[in-house]
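Engineer: Listed in order, the protein sequences are those of chains A and B. Numbering follows this note's numbering, with no gaps: position 691 of the first sequence is 691. So the mapping is simple: this note's numbering equals the position in the second sequence, first residue as 1, plus 793.
Don't take every hint at face value.
[As the list claims (entries may be wrong)] Chain A is faced by these chain B residues, among others (derived, beta-carbon under 10 angstroms):
id	residue
1	840
2	1500
3	1574
Calculated from the structure, these hints are not laboratory results. Here a beta-carbon is modelled for each residue, glycine too, at the ideal position from N, C-alpha and C.
Protein chains: 2
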Amino acid sequence: METDSTTQKHLTANELYLIDAYWRAANYLSVGQLYLRDNPLMRMPLRFEHVKSQQLGHWGTSPGQNFIYAHLNRVIKAFDLNMIYLSGPGHGGPAVVANTYLEGTYSEVYPAITQDETGLKKLFCQFSFPGGISSHASPQTPGSIHEGGELGYSLSHAFGAVFDNPDLIAACVIGDGEAETGPLATAWHSNKFLNPATDGAVLPILHLNGYKISNPTVLARISHNELDQLLRGYGWTPYYVTGNEPNLMHEAMATALDEAINHLQQCQFAARHEGDTTRPRWPVIVLTSPKGWTGPKKVDGKPNEGTFRAHQIPITISATSPPEHLTQLENWLRSYKPDELFDEHGRLVPELAAQAPRGNRRMGANPVANGGLLLRDLHMPDFTDFGIGVPAPGSVLASDTQVVGQFLAKIISDNQSPRNFRVFGPDETLSNRLEAVFGVTNRQWMADERENDQFLASSGSVMEMLSEHQCEGWLEGYLLTGRHGLFNSYEAFIHIVDSMFNQHAKWLKTSMELPWRRKIASLNYFLTSTVWRQDHNGFTHQDPGFIDHVINKKASIVRVYLPPDANCLLSVMDHCLRSRHYVNVIVAGKHPAPQWLTIDAARRHCTEGIGIWAWAGTDDGAEPDVVMACCGDVPTLETLAAVSILREHLPDVKIRVVNVVDLLKLERNTAHPHGLSDADYDALFTKTKPVIFAFHGYPWLVHRLTYNRANNSNMHVRGYQEEGTITTAFDMTVLNELDRFHLVIDVLDRLPQLGNRGAYLKQSLKDKLVDHHYYITRHGKDMPEILDWQWKS
Amino acid sequence: METDSTTQKHLTANELYLIDAYWRAANYLSVGQLYLRDNPLMRMPLRFEHVKSQQLGHWGTSPGQNFIYAHLNRVIKAFDLNMIYLSGPGHGGPAVVANTYLEGTYSEVYPAITQDETGLKKLFCQFSFPGGISSHASPQTPGSIHEGGELGYSLSHAFGAVFDNPDLIAACVIGDGEAETGPLATAWHSNKFLNPATDGAVLPILHLNGYKISNPTVLARISHNELDQLLRGYGWTPYYVTGNEPNLMHEAMATALDEAINHLQQCQFAARHEGDTTRPRWPVIVLTSPKGWTGPKKVDGKPNEGTFRAHQIPITISATSPPEHLTQLENWLRSYKPDELFDEHGRLVPELAAQAPRGNRRMGANPVANGGLLLRDLHMPDFTDFGIGVPAPGSVLASDTQVVGQFLAKIISDNQSPRNFRVFGPDETLSNRLEAVFGVTNRQWMADERENDQFLASSGSVMEMLSEHQCEGWLEGYLLTGRHGLFNSYEAFIHIVDSMFNQHAKWLKTSMELPWRRKIASLNYFLTSTVWRQDHNGFTHQDPGFIDHVINKKASIVRVYLPPDANCLLSVMDHCLRSRHYVNVIVAGKHPAPQWLTIDAARRHCTEGIGIWAWAGTDDGAEPDVVMACCGDVPTLETLAAVSILREHLPDVKIRVVNVVDLLKLERNTAHPHGLSDADYDALFTKTKPVIFAFHGYPWLVHRLTYNRANNSNMHVRGYQEEGTITTAFDMTVLNELDRFHLVIDVLDRLPQLGNRGAYLKQSLKDKLVDHHYYITRHGKDMPEILDWQWKS
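My request is simple: use the sequences and hints to build the entire structure.
Structural biologist: Okay, structure coming up:
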């Protein structure tokens, strides 16, 4: 390997010694975490019983990350930078823990892990030990906003962190394995969405150590020329640091980092003080260093450093391993000269401790990475001001999303200085009919503009890129650093980020268990363009299953809302944007639809989350013959239409209408904090009467929530059954047997006491379904009685 | 806009006329599909009633795709190419339908859509009409293997199609919107995995029409220089075609395509006949043309062609739209001169019809795109030959995946000529302990190789890139073109492809409804490194919810298996690899674990899919006191350990052990083809006895499957509750209350008749749990009684 070198030395001999010693200390602590349960300072000869009986963890990436961290410390001090560190490669835990320990943050957060031999021993023992800490930069790690257990999101998180944080630099280490993922491959394009004046900067450090688990990596195995073109093609300016000889590498890294920081600050200066409005070509560092750098060269006769074999534990120590393994480990540990690094008590020697930045400049202590510390409440307008008048149920048509768009527009305009609220989406904000937001803001866009573009500006509150991964990653980064936001998406395609939601939900759950981590704003998904209204998109766009996915996560974290109309949507949106540390999923339609509740009634209904709509039912407070429940806008419409049919034809049937906004009300209160007690549930659904439940999503979800209720055997749920094509909303309900006619038939099938009257009505509804089929096949639209249907009280 | 031009003309005047006329015909048919319900040849003046009452669909991408298709037809004929067409941009339906109609394929597949005025009218009417065809290249479209409803997978599908198809060229149109997605952004790197000698070639055509729904696209708004660097950095050689003047564009496209095909064939020739083993720099076409090209320049005073306004319906025609809209539409339609293109009967004139390739060379007729036509059964070795000896239940430890790895190795080696089986995975084949496959094959890799690399070769049956999206997309493309395969992945991270699974399952469901589409091989997911064994990965790697996601899809498509041991896994794998047109999910562990069934018993058990393990129970065929059910390897182990405790301490309790391999046996036979009848279910689970069900995944899934069974109220399910960290498998079960001690306590809680004997045992088990906690916290491993536990018959 060759090393880029400069003729003029960048570091003095003393600086070189100090930065190398600091690096050695971090490497020593990393190896210690992997191996040692005793003798943490190697003050004794290494014995078998000093070594953990099970060695678990990952060495490969650690020395490279230690190298980067030490050099970032240097530039933080030299330039007085406000910087955080994102560890993209999986399993960089030993490195980030080592460094936050060395800089002192770790002991401040975890006082039991002291800066002495006892603390070191504890630090080593807890790593990858049952009940201890994991091998990633997990929520337990101070300074981390990115865990990296699942790979691919570091760069998106880094950009999310610096939006509207003009003083912040997010240093983002990207592993060359991670770089192969789709989300990371498109995240490089984030530079087209970052404003150099009003946002901070991301400094990516692409770490080419050449191997994944057991394969080489793509980016390490293309020519230098291809790699250079790729990064420049993505719009970055690369600075290369390549080699393996520590002193040369320190010099090269220091040079490259100084150049990169100068470059970065020049981009900011030009935008902030010279009126330069062009998109800068930001710097990126490419560090090529051996996997498992400074580790054993050979183990059991096979090359280790610089190969895939350095990925996890280079040398295994067990009762059956060759005795020379222990010697080899001892030599490896001593190669870092721990006696030079730690004093007699086990404390980092002062001249090395002085290498770290001070106070909140330490990357482990930066409050940005514990975003709840900085979180301010949104200035929230009164949502009832945006309510629409509903003189009588069903008397008004409105687009729910258009109405809430007005509310969002006001929130955006009321939270501009400092800006701490953004709307993210994959170019669907207009399609989702949130156009009102473009009355007060624009889409932030730093690539070229042309005549006839709309709502683009170099700074704006709406972030749109056709990548759900990017939208999610940006938003997560934005939230984790103490701001607020909303992701609006087509319902079906939100599954693209299922796994990212998983990781964020796990982060929230774990961070809630850490008293020093403050709560952050909730991750709010606003799903529209739903399964029932895919008139011109069809079957591929029909999937209401994200909520099934979400509710498997910890009950303390997840919330799901399906408001039946615009006023309810306003109330739900208000609630979600004020909430903390949840994942909220809101599902609502965008097409004009009948409105049911006044804004006051909506607020009351949404506060309860579930309730009887007495105005719609015919049970008059008495025990009903049947409960007709509904959840979601289209199911609510079909349920009310079904109730009208029953009211007209069988006025003596006592119907109770229950509407569900807060889906998790259906769970038992022992399973979810929002869940109803059995008594409350039974009071709504009865213990013995048939329940016909019209549900927005897959019907089995309601069964999964209610299987343990007294009335389970009477619960009959209609929902989406994976039947659909390009057709009308009403025909979609027919294809899935959720339409008014099927719902009435469901009721009739459960009320045999109606005798011939029921049978007669059932036959006439079956005829209606046939009529519908013929009519839509011929005319391509619904029968007038469907189109013109209106609720009559 | 500028147009690249060459001094020497490439097309003769007549060729230019013909290709332009063919393009006009396709454009005309595209506009016709969007607008017309009558007067399909415009033989009458256009009247309001000729226009569809609702105009749905997407114009923007169509003319560009028509242009590409016409030019591909030319090179197919000129070079006698075996080519298929993938329509990456969303909503290219009008274009691909138009072209397959023009070439005659459409009428062959759908005889009612004749090559005359009547057929044209039907063609137009069915588009985006309820019950008609959708606006994508859906399964209904002849020649399609890629629908494009959800964006991002076209290039991966294209590569999957050409692996082991050396004569095939997959022409892949990539929209510049789609190009922003993560999966597409990394799919460009597929060229590092394609062997030019043994695989076919992909010809990407990046179509820069500048806009998504309402935003510009990133790749259309960076400099030419950046775009060029990006594509070259990805390893491709771009050929540019830029402009809007049709004649110049035809010339430029013909030139570029001829050059690209020559380039591509030169790459193949070098690899196949000149011994060149280097990775070629394949050609890519970059076509920059206006969105909605040839459409109206302005509508309602606003520019349309070349802007985002051309995305869907440029001119709306309704009762309230301005009357000039109709005139404008008429002028637009007539601008293509339909009278020149179609004869008096409405048939494409012969000289234009002659422009299309013949027979199976037509891209709509290529049998590769109806893969079931070409599908051959795998040569399957007898799986029982790979069974391991199990002298007594629990007497042998083995890694299930290592055992099945031997079977997979034999399948790989038995299916090499022609090779039609591949294993895909994100660099986890070794980690998942399928190392036996590397005894017979390698990982296919065309990037640079170094000393110390392992199991890499320019041709091999294993495809590994650190992108689940790529693995899934490649495999789907491979299956859709008539081959077989397996995706092996960590269980938790398979959620990365949730949405891709959705789209594939929808494709399978729809294609089953089309008699002309033949069944293809099943999509097989092999999930290991499961939730229960994340000893050194921890919480981020724990998610068993993919099966929850899968079973929401159509019952006719999905199958889920959780074999309890290696012999069962062999039987299940054999079954899945022989199956057709399903999505099979197999979940199994990789760590050494007790083996329960002989290979014969395993075959019988897996054939049933669910059954009583009489050897484990104590009910002796009589009605039991309690049913202990288990599904998954770790739950089976804990259940049997719980049974041992009960057998030892309370030998009079009659226990029935039921093991579930085929999860969907739990559903009713009316809901799933594998489902048990109520009688069969009740015979296993009883109608009245407590059932303690130890489940591999989230416990609610079992409730969702069994809520409507007679014994629902006695069903008590233990599973993963989102509790976990770095710890032992046994401790993981304790954290989630699935361990043997909790299971016995669950039994005791339901058998009050045991009185003090039960209470005493319960207390001793609670003590055990405390002991466990202290032991593992101190020693980092399980108590000897756990480690040494063995089943005793």
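Engineer: Return the numbers of the hints above that this structure violates; sort them in rising order.
Structural biologist: Violated: hint 1 alone.
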